[in-house]
Amino acid sequence: MEKRVIKMIMQDQYVLDMAAEGKRVDGRKHDEFRKIEIEKNPLEKPEGSARVRIGKTDVIVGVKMEVGEPFPDKPDEGTLMVGAEFSPMASPDFEAGPPREDAVELARVVDRGIRESGAIDVKKLCIKKKEKVWIVMIDIQIMNHDGNLFDASTLGAITALLNTKIPEYDEKKDEINYEKKTKVLPVTCKPVSVTFAKIGNQIFVDPGLDEENVEGGRITVTTKDNGNICAIQKGSPVPFTLDEIEKIFDMAIEKGKELRKLV
Amino acid sequence: MEKRVIKMIMQDQYVLDMAAEGKRVDGRKHDEFRKIEIEKNPLEKPEGSARVRIGKTDVIVGVKMEVGEPFPDKPDEGTLMVGAEFSPMASPDFEAGPPREDAVELARVVDRGIRESGAIDVKKLCIKKKEKVWIVMIDIQIMNHDGNLFDASTLGAITALLNTKIPEYDEKKDEINYEKKTKVLPVTCKPVSVTFAKIGNQIFVDPGLDEENVEGGRITVTTKDNGNICAIQKGSPVPFTLDEIEKIFDMAIEKGKELRKLV
Amino acid sequence: MEKRVIKMIMQDQYVLDMAAEGKRVDGRKHDEFRKIEIEKNPLEKPEGSARVRIGKTDVIVGVKMEVGEPFPDKPDEGTLMVGAEFSPMASPDFEAGPPREDAVELARVVDRGIRESGAIDVKKLCIKKKEKVWIVMIDIQIMNHDGNLFDASTLGAITALLNTKIPEYDEKKDEINYEKKTKVLPVTCKPVSVTFAKIGNQIFVDPGLDEENVEGGRITVTTKDNGNICAIQKGSPVPFTLDEIEKIFDMAIEKGKELRKLV
Amino acid sequence: MQPAKARKGIHRRKVLKMRIDKRKYDELRPLEIKAGVIPNANGSAMVRMGKTIAVAAVYGPREMFPKFKQKSNKAVLNTLYTMVPFSTTERVRPGRSRRSMEICKVTRQALEPAIFLEEFPKSVIDVYINIIQADAGTRTAGINAASVALADAGIPMRDLVASVAGGKIGKNFLVDLCMEEEEETEADVPVAYMPRTRQITLLQMDGDLPKEDVKEIIKLAIKSIEKIYKEQRKALEARWKKG
Amino acid sequence: MQPAKARKGIHRRKVLKMRIDKRKYDELRPLEIKAGVIPNANGSAMVRMGKTIAVAAVYGPREMFPKFKQKSNKAVLNTLYTMVPFSTTERVRPGRSRRSMEICKVTRQALEPAIFLEEFPKSVIDVYINIIQADAGTRTAGINAASVALADAGIPMRDLVASVAGGKIGKNFLVDLCMEEEEETEADVPVAYMPRTRQITLLQMDGDLPKEDVKEIIKLAIKSIEKIYKEQRKALEARWKKG
Amino acid sequence: MQPAKARKGIHRRKVLKMRIDKRKYDELRPLEIKAGVIPNANGSAMVRMGKTIAVAAVYGPREMFPKFKQKSNKAVLNTLYTMVPFSTTERVRPGRSRRSMEICKVTRQALEPAIFLEEFPKSVIDVYINIIQADAGTRTAGINAASVALADAGIPMRDLVASVAGGKIGKNFLVDLCMEEEEETEADVPVAYMPRTRQITLLQMDGDLPKEDVKEIIKLAIKSIEKIYKEQRKALEARWKKG
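Chains as they are written, first to last, in this note's numbering: chain A, 1 to 263; chain B, 264 to 526; chain C, 527 to 789; chain D, 790 to 1032; chain E, 1033 to 1275; chain F, 1276 to 1518.
For reference, chain A alone in the conformation it holds in the complex (with noise of 0.2 Å):
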């Protein structure tokens, strides 16, 4: 364990000791993601899924429908609940056990990413208005941790969404047929996160998992293919000053156009 730990400290000062340079551990530009790959429905059983690697970091999300009522003041809409699993199988500083702060973080971060964006047609998930409305519960499941879990996930959530086909669904019966998945989900729009680390003076985009491990900023900034922005999460204890916002939200609108060609 000691020993881990003495070579996390030695790494941490090469990564701050790199940056003050102006330059990334791994030769990466300041805006270059590392290599991209995903992976659409992978799987059989969930109603949509998608595999998303960035670099080492691998997240499978799977999207399952279920019916369920709507709530009381939203009495038309579909409903969407986002979980993010931890596993401790991704990495060795993952525990078993209930979801801590992080992956509660990165489940609502995505969840907001999706909801503000409109990116659900929800109106057309009503089946019966007060009564009965699809839920779209999307879960993301961390396989490999090498940083930047809240793109990958971002990505393999909409993915999954733009891969889901709806179960058929008996009204009478109230049961679902889950061997006939016939029509496509509503969505409208393509959120993507853009991630940013910051280390001394230095703004990198999509940060590894050892330039995470430096203390330093993070922030989540999420756009719509129009270029709105839909959430942003500020997500450490380094402050950022207005003219570093200002510079990461014109990279994560262009950064983000890049990305949405992906899915």
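Keep in mind that the hints were calculated from the coordinates and are not lab data. Just to be clear, a hint being listed does not mean it is correct.
Chain A regions said to be covered by chain F (calculated; three or more residues, Cβ under 8 Å) [claimed, not checked]: (1) 43 to 52; (2) 60 to 71; (3) 88 to 94; (4) 135 to 141.
Beyond 12 Å from chain D on every Cβ pair, some chain C residues (computed) [unchecked claim]: (5) Lys590; (6) Glu697; (7) Thr714; (8) Glu780.
For every residue, glycine included, the Cβ atom is placed at its ideal position computed from N, Cα and C.
Guided by the hints, dock chains B, C, D, E and F onto chain A, whose structure is given.
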């Protein structure tokens, strides 16, 4: 930490030494309460609320009204629920997490005082027999703990109840309109608890935290306007003699009268 | 504590040494059970109950009958539920808290023996198809743990079931009258489990706690009146050969016949 | 002392000619006490009061873990009160309830004054109480069993603690209420007492009565406690004879 | 920042002539700050922003237990954000929710850069925030209270952190939204800021707006934060005068 | 081995001409095994048996915490079996179930005899098994994956453990049941086996069959296990070549 423990041990000895001379550390008489301040309805969100300070002990009680099903064996009666949270804010000895024994005991003793005295006319809280009744939810929030939480909480609970207004309920829509609070909660009497510490051979009313910290006896007696006893709770490992109990009953009734005037 | 551990290690060695000579520490034969005592319906509150002692192992099983909804895929069948509590009362090794792996395994193995054998005629427990069926709740309470909880619990469960009477149920009022228990629970056969320890090369029936404490093999085989096997559970890290398994099946069927006579 | 909401019948049947189960007003339910019922425990006892059955087991004194919970000058007394799932008419779901948490606390406080805890610093004495069958008076039956189990474990005690609840139905004061009576009584007053030192170690009350009546109930309970105390001692003597 | 699902009325009432509670668009709700409200705590404060009331208490720096959670080079900052059960229209069930877990995290991160944690290795500073009444802006009120409570506890700080949320309804940018506004706004952007060092320590956003609008909201929020900052300082001065 | 209640169709379709998915009775589902799929882990593997997909990762041997859980003479093997929420037709709620607790236990016991735990006193070897997709046989797929992951982690082993379930539908004995078959089979008998030492390390059975039939099933399962074992070795060789 250690300093705090040493300080407490020395303080305990001082309390014991004083008690051996029939005196209290803050100069109070055996049957003297600390200064009591009661604020009625300091809050707007709850249907009724009260803030009670006894010396530096500070408690907020809020009453929320909801609609739910009655118990099957009492189909025409509203129901009562009392909860108590020992926020770690209120004392260096409280811990975060689910309520411990002490918080549960406090809630249950306050509950019994109100329930057994029949202070709430539960028959009048029936909306539709077997189906819908009002649920009176009393929550006790400890803000600062300086001893005698029982009396502060019971005083807070009865004061909040006396100042509770029932919101309008639309039976057809099954909706509560919390904006319109019209009817007064039917409260029939004012149960009031008086708590005693036994230190050495002395019986003191309204123990402060320094007196509670001494491993002495504690007993709480709740009385009604007519002098009847409606709840007793001996809450410490130190035993009492029958004589002491009888003396305590007399004092509880007498001091109860005084407290009742403040409500 | 340490003394207890040392004593256990020495005892383990003794058990192993004896086994190497083909002997058991208490002088029993390989296929010999300890003294078995069964009390039928020792309690009045449960609908059926049994107390089973095997040597110093002491188990109480209670059966409660409730009315609830059937599973959607079996709309005309009553349901079965088995729970097991390892009260810290029963052993210095049991801890307070939610059931651990061992208690869950015990409950699930007893459950499977009864369920798979079809011992309860669940079709006869249907009150109204799709809506109301009887739920048979079997709870196992360990009073004293001296080894072989599996056989004591299965014996207790089937004895309690055979002595269970179903209370009257008023469908209109949706009320169970627990004062009037009239009909006998429809039990079709008597599944009985036989548990074996493998210590060195020896296979012993009905292991005592001293034998279980040795890290040996454990296997439980549940059989029906007609000799069919209805549940098997290998429950230890020590492997078995196919020959041993075959020998165990034969013994399980033979000893099962003897145990079945006691019920 | 059932949760008060269970006492549905208050005032329903004021004029009771005699007790439901034909007992006299100051008569205990059939009482059975047996020491030494759990072989694994250091001490144990079973107490049956009418249909209520409590079993108590004592483990310890043993070193307390985790260490930061140890007290340097005395043993910690730990009590765990549990109703087994099939103990009542409606199955009890396993796990701690608010009611059982409170009973753990008052039970511990009822027993503590009887024990020379100061003889076992840094230790814990675990007292486990299982209610096998519940028909009113489970906390008092539990205390009676626990007290005998502690003595059976050889733990040095100032006195045995004995316990019973008293009440009032109509004009009659009565002790050791059964379930039907607990639903009718105008007050439920569980009392625990050390007869030798004449000290009350448990006192609770739910109800609505003038202080005179409450005092009367306590006095009546104390009288019955003397009887229970004798049975506790007999059970221990029987156990010691057997060895 | 309510959970997004609560913002039911988005786009419902675009053309708002003036604010529901008659405030100007850049005007804060009535603001009250008081330091030293919890006698037991090392530092404490109450902040009222309109109907929203947050109380914060600070305990520490004190030695951290269990020891393996200690950091050898600095203090650990621990924040616990809790809504009291009667703080909202529908009673809040006690216990942690996913929402409160996230708020604990962003609150801690908003406060951390202000504190010289490195002065207290192996220690913990506990910050407890209770929302006594909730009417939008509870996390920002909590941060405002916590910041004053930390200073009141005498913990060395680089600056006070002050916080407010901004939004946009129709064509108007506005700050310190009340509950009705939070349901209408096209975006909810809570910001925390250290005025002296001009650094943003909290930034979140829910909504759907072009980047220019988001920047505008942040700038407006920062202006209001300067006002809150003054009130925080006044509250601390008042407290120090009283001693 | 689904919970027995799921096997709704028992006896429904006794005369089965051939297997639902056209397999021979002693034929495995399409089998795919890959070692080294989780870069962070010390060892890992993916096993696909038909539609069932299990991924296993091994961390350790590493020092065990808390220390009181250490064993002085050997490593502790810790297994955690989890079904991911979207692995089944109806979403699985996160958290431990009674079923998953039992599978953790039998999985651990199936693997333990293969490992030289005595070489790593005071250590823990964590084996995490995630069922990514579930279509019968998840525990056997999990054991197959875990066994390869342990070898991939370089942990010294006596042999690989391979596992498959057998059953009987009508007159036919069959192995590696798919979901539809699991609902029909008269018994479900998962077996794990070490081919080199010819030892059974997992044996469970649910059903209702004469002992001869159960033996027949076990023998058939062992034959299929030899095939799985070969694929496990191939996967490890492929991994070692890649380095």
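For the segment 135 to 141 of chain A, do at least 3 residues have a Cβ located nearer than 8 Å to some Cβ of chain F? Our answer is that it holds, as 3 residues pass the Cβ test (under 8 Å) against chain F, meeting three.
Cut-off 8 Å, C-beta pairs, minimum 3 residues; does the coverage of the segment 88 to 94 of chain A by chain F stand? It holds, with 5 qualifying residues against the three required.
Apply the coverage criterion to the segment 43 to 52 of chain A and chain F: a residue qualifies when its Cβ sits closer than 8 Å to a Cβ of the chain, and three qualifying residues are needed. Contact hint for the segment 43 to 52 of chain A vs chain F: holds, 5 residues under 8 Å.
For threonine 714/C, is the shortest CB-to-CB distance to chain D above 12 Å, so the non-interface label stands? The assertion about threonine 714/C holds, with a minimum of 23 Å to chain D.
Hey, does glutamate 697/C actually stay past 12 Å from chain D on C-beta? holds (19 Å)
Quick check: do three or more residues in the segment 60 to 71 of chain A have a beta carbon closer than 8 Å to a beta carbon of chain F? It holds: at least three residues are needed, and the segment 60 to 71 of chain A offers 5 whose Cβ sits within less than 8 Å of chain F.
At 12 Å, judged by beta carbons, does glutamate 780/C keep clear of chain D as stated? holds (30 Å)
Was lysine 590/C rightly flagged as not at the interface, with every chain D Cβ beyond 12 Å? violated (4 Å)
In terms of the numbered hints stated before, the structure departs from hint 5 and from no other.
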